[in-house]
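Novice: Residue numbers (my numbering), protein chains in the order written: chain A, 74 to 429; chain B, 74 to 429.
Hints are computed from structural coordinates only; laboratory data are not their basis. Hints are not guaranteed to be accurate.
Which copy is meant is left open, so a pair is good if it fits within one copy or across any two.
Each computed DSSO-like pair below joins lysine-lysine, with the alpha-carbon atoms no more than 30 Å apart [stated by the list, open to error]:
| hint | residue 1 | residue 2 |
| --- | --- | --- |
| 1 | Lys-421 | Lys-356 |
| 2 | Lys-302 | Lys-328 |
| 3 | Lys-249 | Lys-310 |
| 4 | Lys-294 | Lys-249 |
| 5 | Lys-176 | Lys-244 |
| 6 | Lys-328 | Lys-176 |
| 7 | Lys-383 | Lys-311 |
| 8 | Lys-284 | Lys-383 |
| 9 | Lys-421 | Lys-311 |
| 10 | Lys-249 | Lys-302 |
| 11 | Lys-383 | Lys-421 |
| 12 | Lys-284 | Lys-294 |
| 13 | Lys-176 | Lys-143 |
2 protein chains.
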Amino acid sequence: MSNAYAVVMAGGAGTRFWPLSRGLTPKQLLPLGGQNESLIRATVRRVAALIPPERVLIVTSEALVDAIAKELPEVPRENILAEPTGRNTAPCVAWAAATIARKDPTGVLVVLAADHHMADEAAYLEVVRRAVAAAAGGEMVTVGIKPTRPETGYGYLEVGEAISDGVMRAKRFVEKPDLARATDFLRAGNYLWNSGQFFFRADAVLEAVAKHLPELSAALKQYDDAAAKGEEASLVKKTYGSLPNISIDHGIMEKAERVAVIHGDFGWSDVGSWTTAYELAPKDATGNAAPADSVFVDATNNYVKASSKKVVAIIGMHDLVVVDTEDALLIVPRERAQDVREIVAVLKARNDISRL
Amino acid sequence: MSNAYAVVMAGGAGTRFWPLSRGLTPKQLLPLGGQNESLIRATVRRVAALIPPERVLIVTSEALVDAIAKELPEVPRENILAEPTGRNTAPCVAWAAATIARKDPTGVLVVLAADHHMADEAAYLEVVRRAVAAAAGGEMVTVGIKPTRPETGYGYLEVGEAISDGVMRAKRFVEKPDLARATDFLRAGNYLWNSGQFFFRADAVLEAVAKHLPELSAALKQYDDAAAKGEEASLVKKTYGSLPNISIDHGIMEKAERVAVIHGDFGWSDVGSWTTAYELAPKDATGNAAPADSVFVDATNNYVKASSKKVVAIIGMHDLVVVDTEDALLIVPRERAQDVREIVAVLKARNDISRL
């Protein structure tokens, strides 16, 4: 069986966790999964039984390389690929595939978001094992999640016939639908959420890139040549920004031939907002998720993030999100957590760079 | 006309403004009157046209002497009388009267709380002038405020016949009543709130002390003798704790003969809680009283206190009190501001001395 390589996509900036998330400490570096562990560390740990650190590649922005290297010191520094500029996921995955293929063309890429959460880690690992096995056999595999609501923020997969145990043909990818279509998909029953995890052999995905994104494929060949001469970094710096700005879903998976989907039932979450962070956090008997020395008087189901130096006291309030940092304090009802983006917009308009 | 002396009672600790008020920065040292000025500084400034700093006496606890001297550097240090322990207002006022009487027996004491607010300062000063004049003529004068609600937290004065322009006989003092009596007083129309301000000549109040609190009077004579030898401070340290623990209202004013009341109509407030602080604070068009760089999204009528280093962002919340300090954060609906005492009780039970 081919070796599995984790390709962790960690370029995201993300403003939905302001004021905790900032330019240099984005979501993936925050402990939002309910434990004292950053989301990216959890991502690497969850697959560690299959993939040792030397086979973990991380693709991120230049600005985040140092922070990620510090967070994951066991991952060799040369395994952190620095994007000079974000070009969506197709160039990111293809570059990682090319890097792996130089040493191990039949190696299987396990492409993971750096900032998701899986509640049942044993079930998750079992799905990864099966996906890797299918990918080793030549399939382009993705993991689909059974929808629980007509979510318009995710892509969907239409599921076809079974190929092997738990693995099914993916008939098509659907971009984020409107509410009417999402409701139809939920009702139809044969649609799954696209969780953004991909499994394929390096040679298989590079072949698909050659077929569907020839421009990107040509650039990768130049990267291979430069790498042989130890000049890849400078070439990437010069040319990465001109690669096609397209997602792996849209650029490759939608057009590829042997695309399969595995149904993942392991409590997947993309940790989309403070609301989700509250759901994942450990809570006391009154439903408050807060530092131990917080004081609640007639106050329930609140989510509090604050430094251990600060005592937070709340009277008569329920279902609040309170996030306190050195230079900013956010107070928002949990159901409006997504409106944090409006605060970020104001700070951008003010050019308040230190708080972004 | 006799000289007027301010006697500022500044011994209060106060927990109703936690987390801003602490043991060493109690309410009177906080800028709660809507301006960038502590309540005690405003107290002294308001009467400055009548009373220069060298005739301002401040009675406070030993622990607060340094902070008050720093806040009011223009007041001579020897004018700050340090109580080794709080013994209510009768010993405090009587000691100040004795101190003044040594140099100026017919001097008029203007006894003021250090932590009240007067909205109309011109009207207030006019009332002070008239009260001083009546006191110079031998009256024991207090200022009554027309009740606007059946408040059970204040004492009341029953008003009798007119003595002179705006000055009336005070028929009796009533301690904090229950709601039924307070409602009766409000309906009766001839009751005023006792605002805790007193005006009397030093010799007049000392005579009343001799008559009604002879034990206190004897102690004051010893203080006079010790003062003549430069030994007052050590005697006070030894004996102040054994003085009768009684209020000036109860111990003197209720029993004195020539007690008068002036109706004060100048927007008096005892600044009793964060609710009042909000009422006094300057507000923007959406009713928020907050540092200039705060961000409000669909959020109105909030009161925010925070360091200028911090941006406070509030979404979808109304009528909140938010007070952020270095080591504590309070969030409470304005109408429940008085429940701050419950937080303080928890911190006391924890023996969290640094936050009290």
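Novice: Compare the structure with each hint and give your call.
Specialist: Status of the hints after comparison with the structure:
1. Lys-421 x Lys-356: between (34 Å within a copy, 25 Å between copies)
2. Lys-302 x Lys-328: neither (34 Å within a copy, 102 Å between copies)
3. Lys-249 x Lys-310: Classified as neither: same-chain Cα gap 32 Å, cross-chain 78 Å, threshold 30 Å.
4. Lys-294 x Lys-249: neither (33 Å within a copy, 89 Å between copies)
5. Lys-176 x Lys-244: So Lys-176 and Lys-244 fail the 30 Å test inside a copy (33 Å) and across (101 Å) alike.
6. Lys-328 x Lys-176: within (27 Å within a copy, 101 Å between copies)
7. Lys-383 x Lys-311: neither (46 Å within a copy, 40 Å between copies)
8. Lys-284 x Lys-383: neither (57 Å within a copy, 53 Å between copies)
9. Lys-421 x Lys-311: Intra 28 Å, inter 63 Å, cutoff 30 Å: intra-copy only.
10. Lys-249 x Lys-302: For Lys-249 and Lys-302, neither the intra-copy (42 Å) nor the inter-copy (90 Å) Cα distance is at most 30 Å.
11. Lys-383 x Lys-421: So Lys-383 and Lys-421 pass the 30 Å test inside a copy (28 Å) and across (16 Å) alike.
12. Lys-284 x Lys-294: within (14 Å within a copy, 106 Å between copies)
13. Lys-176 x Lys-143: within (26 Å within a copy, 73 Å between copies)
In the structure shown, a violation is registered for the earlier hints numbered 2, 3, 4, 5, 7, 8 and 10, in ascending order.
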